[in-house]
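Engineer: Top line first, the protein sequences correspond to chains A, B, C and D.
If you read the first sequence in the numbering used here, its first letter stands for residue 1, the second for the next number, and so on.
If you read the second sequence in the numbering used here, its first letter stands for residue 1, the second for the next number, and so on.
If you read the third sequence in the numbering used here, its first letter stands for residue 1, the second for the next number, and so on.
If you read the fourth sequence in the numbering used here, its first letter stands for residue 1, the second for the next number, and so on.
Note that these hints are calculated values from the structure, not bench results.
Hints are not guaranteed to be accurate.
Listing some non-contacts, in silico: residues in chain A with all C-beta distances to chain C over 12 Å [to be verified]:
| # | residue |
| --- | --- |
| 1 | PRO31 |
| 2 | ASP36 |
| 3 | PRO37 |
| 4 | ALA65 |
| 5 | ALA123 |
| 6 | GLN128 |
| 7 | SER159 |
| 8 | ILE163 |
| 9 | LYS174 |
In silico DSS-like pairs for lysine-lysine, Cα to Cα no more than 30 Å straight-line [as the list claims (entries may be wrong)]:
| # | chain 1 | residue 1 | chain 2 | residue 2 |
| --- | --- | --- | --- | --- |
| 10 | B | LYS174 | B | LYS30 |
| 11 | B | LYS126 | D | LYS138 |
| 12 | B | LYS138 | D | LYS126 |
| 13 | D | LYS30 | C | LYS126 |
| 14 | D | LYS126 | A | LYS174 |
| 15 | B | LYS126 | A | LYS174 |
| 16 | A | LYS174 | A | LYS30 |
| 17 | D | LYS138 | A | LYS174 |
| 18 | A | LYS126 | C | LYS174 |
| 19 | C | LYS174 | C | LYS30 |
| 20 | D | LYS174 | A | LYS30 |
| 21 | C | LYS138 | B | LYS174 |
| 22 | C | LYS174 | B | LYS174 |
Not everything, but these chain A residues come out facing chain B in the computed CB check (under 10 Å) [stated by the list, open to error]:
| # | residue |
| --- | --- |
| 23 | LYS30 |
| 24 | SER45 |
| 25 | PRO107 |
| 26 | VAL119 |
| 27 | CYS170 |
| 28 | ASP173 |
Computed from a predicted model, the values in this text were never measured in an experiment.
From the three backbone atoms N, C-alpha and C, an ideal C-beta is built for every residue, glycine too.
4 protein chains.
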Amino acid sequence: MQYMLFPQIVKRHRSNEHSDLRGTIDANMKPFYPPDPNFETRVRSSAGMQGVLSTLGAELTLVRAGEAHLTAPFDMRFSQQDGFLHAGIVTTLMDSACGYAAFTLMPAASRVLSVEFKVNLLAPAKGQGFRAEGRVIKSGRTLTVCEGKLFAIEEEEESLCAIMQATMICIRDK
Amino acid sequence: MQYMLFPQIVKRHRSNEHSDLRGTIDANMKPFYPPDPNFETRVRSSAGMQGVLSTLGAELTLVRAGEAHLTAPFDMRFSQQDGFLHAGIVTTLMDSACGYAAFTLMPAASRVLSVEFKVNLLAPAKGQGFRAEGRVIKSGRTLTVCEGKLFAIEEEEESLCAIMQATMICIRDK
Amino acid sequence: MQYMLFPQIVKRHRSNEHSDLRGTIDANMKPFYPPDPNFETRVRSSAGMQGVLSTLGAELTLVRAGEAHLTAPFDMRFSQQDGFLHAGIVTTLMDSACGYAAFTLMPAASRVLSVEFKVNLLAPAKGQGFRAEGRVIKSGRTLTVCEGKLFAIEEEEESLCAIMQATMICIRDK
Amino acid sequence: MQYMLFPQIVKRHRSNEHSDLRGTIDANMKPFYPPDPNFETRVRSSAGMQGVLSTLGAELTLVRAGEAHLTAPFDMRFSQQDGFLHAGIVTTLMDSACGYAAFTLMPAASRVLSVEFKVNLLAPAKGQGFRAEGRVIKSGRTLTVCEGKLFAIEEEEESLCAIMQATMICIRDK
Chain A
1 MQYMLFPQIV KRHRSNEHSD LRGTIDANMK PFYPPDPNFE TRVRSSAGMQ
51 GVLSTLGAEL TLVRAGEAHL TAPFDMRFSQ QDGFLHAGIV TTLMDSACGY
101 AAFTLMPAAS RVLSVEFKVN LLAPAKGQGF RAEGRVIKSG RTLTVCEGKL
151 FAIEEEEESL CAIMQATMIC IRDK
Chain B
1 MQYMLFPQIV KRHRSNEHSD LRGTIDANMK PFYPPDPNFE TRVRSSAGMQ
51 GVLSTLGAEL TLVRAGEAHL TAPFDMRFSQ QDGFLHAGIV TTLMDSACGY
101 AAFTLMPAAS RVLSVEFKVN LLAPAKGQGF RAEGRVIKSG RTLTVCEGKL
151 FAIEEEEESL CAIMQATMIC IRDK
Chain C
1 MQYMLFPQIV KRHRSNEHSD LRGTIDANMK PFYPPDPNFE TRVRSSAGMQ
51 GVLSTLGAEL TLVRAGEAHL TAPFDMRFSQ QDGFLHAGIV TTLMDSACGY
101 AAFTLMPAAS RVLSVEFKVN LLAPAKGQGF RAEGRVIKSG RTLTVCEGKL
151 FAIEEEEESL CAIMQATMIC IRDK
Chain D
1 MQYMLFPQIV KRHRSNEHSD LRGTIDANMK PFYPPDPNFE TRVRSSAGMQ
51 GVLSTLGAEL TLVRAGEAHL TAPFDMRFSQ QDGFLHAGIV TTLMDSACGY
101 AAFTLMPAAS RVLSVEFKVN LLAPAKGQGF RAEGRVIKSG RTLTVCEGKL
151 FAIEEEEESL CAIMQATMIC IRDK
């Protein structure tokens with residue numbers, strides 16, 4: 001049962017939050033128009049092919065235009081030396097959330113790859129479970145800029161542990 | 001046998017290379033003087049407590065003042081959707097190498113934590129195994145700046161897949 | 001008159017926005033408590049000593065606990081090859097805004113220095129003027145993590161050009 | 001005479017150094033083949049159109065395939081509050097050096113823009129002059145990854161003050 005998720009301790013209301021940055025883009029009269037109406041199916045199919053997400057017990061809990069969330073339980077097999085979730089695994093969850101947020105806005109015949117990302121670790125990743133959020137800040141034809149956040153979940157409380165600023169690239173099938 | 005390392009395909013001569021940046025610091029007459037002569041034991045003991053390194057089958061192949069290398073085999077359990085090593089696992093290896101490079105120069109009664117890092121992914125992480133290098137660029141009392149590199153190993157050939165620029169912090173025991 | 005500001009084209013209502021991240025910290029019951037009640041005087045005095053801000057014609061338009069805004073006019077003397085504001089000057093404005101946001105929460109006898117930052121350029125910095133926002137995401141005793149944004153101002157409209165993720169350090173006077 | 005360069009205090013022998021990373025790429029049998037033999041003329045022409053370089057008194061001291069260096073004098077007009085060169089100006093020099101290093105490998109009918117960069121500030125930028133180095137780590141059709149360094153020059157001695165990891169994009173003329 002090591003991989004059981006903790007959906008009951010995820011504060012669902014957060015899913016309805018809009019970040020300041022996305023609000024700004026909306027205020028600039030640029031809402032997201034996904035070119036592929038089946039983006040959620042495409043995102044979930046790609047996530048199903050990620051060995052690492054299944055190994056981490058991670059689950060896509062939200063997929064919508066320009067945004068994706070992942071939840072995963074804590075597991076000592078992915079800890080650093082003090083017993084917290086390793087910064088690289090924190091990164092894995094945020095990178096996947098950002099990549100899939102970007103992928104929602106890409107065309108049907110395409111793939112998404114990470115170009116680069118930057119992570120600030122704000123607090124030890126200590127919790128029963130974790131929730132990663134990825135949001136698109138700027139969507140371009142080739143490059144998409146995203147922000148990610150990682151929340152630790154403990155006793156139904158969430159706290160921000162890490163933030164990411166990332167660039168994703170769209171590889172179009174020939 | 002899934003976790004078996006491939007030491008025979010690691011080009012050992014790379015271990016003797018000095019990066020341009022470290023050379024510059026040396027040229028400034030600032031060689032590294034580790035305050036704790038037992039730094040290697042301390043680094044290896046800390047690495048032994050990282051659940052994630054054991055889960056990845058990673059092994060410290062070099063520890064010296066200001067530098068640490070890790071090697072790990074490829075494993076589909078940590079792949080992204082195209083079957084390459086996930087960018088977050090690439091990060092895990094470079095972050096650990098950088099953290100331990102920094103830790104070699106910290107005092108005996110201390111811990112090392114990652115403050116932040118930035119990763120550029122240069123090529124798909126495709127190989128039979130991987131080697132991460134971490135080197136100290138600037139060692140300070142509180143903060144240490146490191147650079148990391150991740151090489152894919154294929155048929156005894158190494159190719160650079162990713163680079164990292166990272167900040168580590170020294171937490172002194174009270 | 002080259003350095004004249006364009007306060008009339010700055011949308012003041014933005015000053016009342018709260019970012020998602022700061023909201024999260026507030027939600028965690030961690031509002032900002034500046035240890036120095038005279039933080040605004042201290043911030044403005046430090047800004048007055050920055051040669052670069054005076055050279056750029058930049059002005060601090062908002063200083064409050066955990067937040068600082070700067071406005072500057074466009075000036076061809078700071079352009080890149082296509083006639084837009086150079087990415088390094090975009091960075092200068094965001095770095096100063098982030099540094100002063102962090103400095104509002106530092107003690108009276110201290111200095112602030114940038115440890116590192118990461119910038120994504122979302123759109124050409126093209127406008128009559130620019131507004132930089134800096135906000136504290138996480139305030140610690142030694143390190144403070146901030147996010148910065150740069151808006152181009154054109155005909156009273158603002159658009160997001162660049163984002164920053166930065167780490168600042170507090171140097172205490174002895 | 002404020003803008004006079006200090007070529008006599010620049011250690012020219014550094015220009016002959018090869019970074020570890022570029023050496024690795026060379027070792028992988030991937031030397032740089034600039035598609036445009038007139039890349040130096042093209043780079044110098046673009047630099048001549050940068051208002052900011054002329055304002056800073058910066059000069060391109062080296063342009064070769066995959067590499068560019070800039071030198072600039074110290075000037076109090078670009079200082080931060082402690083009298084050192086502002087981190088944003090440090091960034092301006094490294095960003096331009098990296099951008100032009102990337103531009104040497106781009107086709108004749110193209111432009112170069114910065115996508116993103118990350119800077120670590122290692123020491124106060126204190127000196128009579130400064131030298132920025134930009135080098136290509138990975139050259140792709142669309143994106144180019146570079147590393148930058150900023151050296152302070154004092155009494156003919158150079159010391160490393162800052163490092164950059166940057167992504168540049170090639171915009172092809174239609």
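Engineer: Against this structure, judge whether each hint is valid.
Structural biologist: Each hint tested on the structure:
| no. | hint | in the structure |
| --- | --- | --- |
| 1 | PRO31 | holds (15 Å) |
| 2 | ASP36 | holds (23 Å) |
| 3 | PRO37 | holds (26 Å) |
| 4 | ALA65 | holds (17 Å) |
| 5 | ALA123 | violated (7 Å) |
| 6 | GLN128 | holds (17 Å) |
| 7 | SER159 | violated (5 Å) |
| 8 | ILE163 | violated (6 Å) |
| 9 | LYS174 | holds (28 Å) |
| 10 | B:LYS174 x B:LYS30 | holds (29 Å) |
| 11 | B:LYS126 x D:LYS138 | holds (17 Å) |
| 12 | B:LYS138 x D:LYS126 | holds (17 Å) |
| 13 | D:LYS30 x C:LYS126 | violated (38 Å) |
| 14 | D:LYS126 x A:LYS174 | violated (52 Å) |
| 15 | B:LYS126 x A:LYS174 | holds (22 Å) |
| 16 | A:LYS174 x A:LYS30 | holds (29 Å) |
| 17 | D:LYS138 x A:LYS174 | holds (24 Å) |
| 18 | A:LYS126 x C:LYS174 | violated (35 Å) |
| 19 | C:LYS174 x C:LYS30 | holds (29 Å) |
| 20 | D:LYS174 x A:LYS30 | holds (26 Å) |
| 21 | C:LYS138 x B:LYS174 | holds (24 Å) |
| 22 | C:LYS174 x B:LYS174 | holds (21 Å) |
| 23 | LYS30 | violated (27 Å) |
| 24 | SER45 | holds (9 Å) |
| 25 | PRO107 | violated (16 Å) |
| 26 | VAL119 | holds (6 Å) |
| 27 | CYS170 | violated (14 Å) |
| 28 | ASP173 | violated (13 Å) |
When held up to the earlier numbered hints, the structure conflicts with 5, 7, 8, 13, 14, 18, 23, 25, 27 and 28 and fits the remainder.
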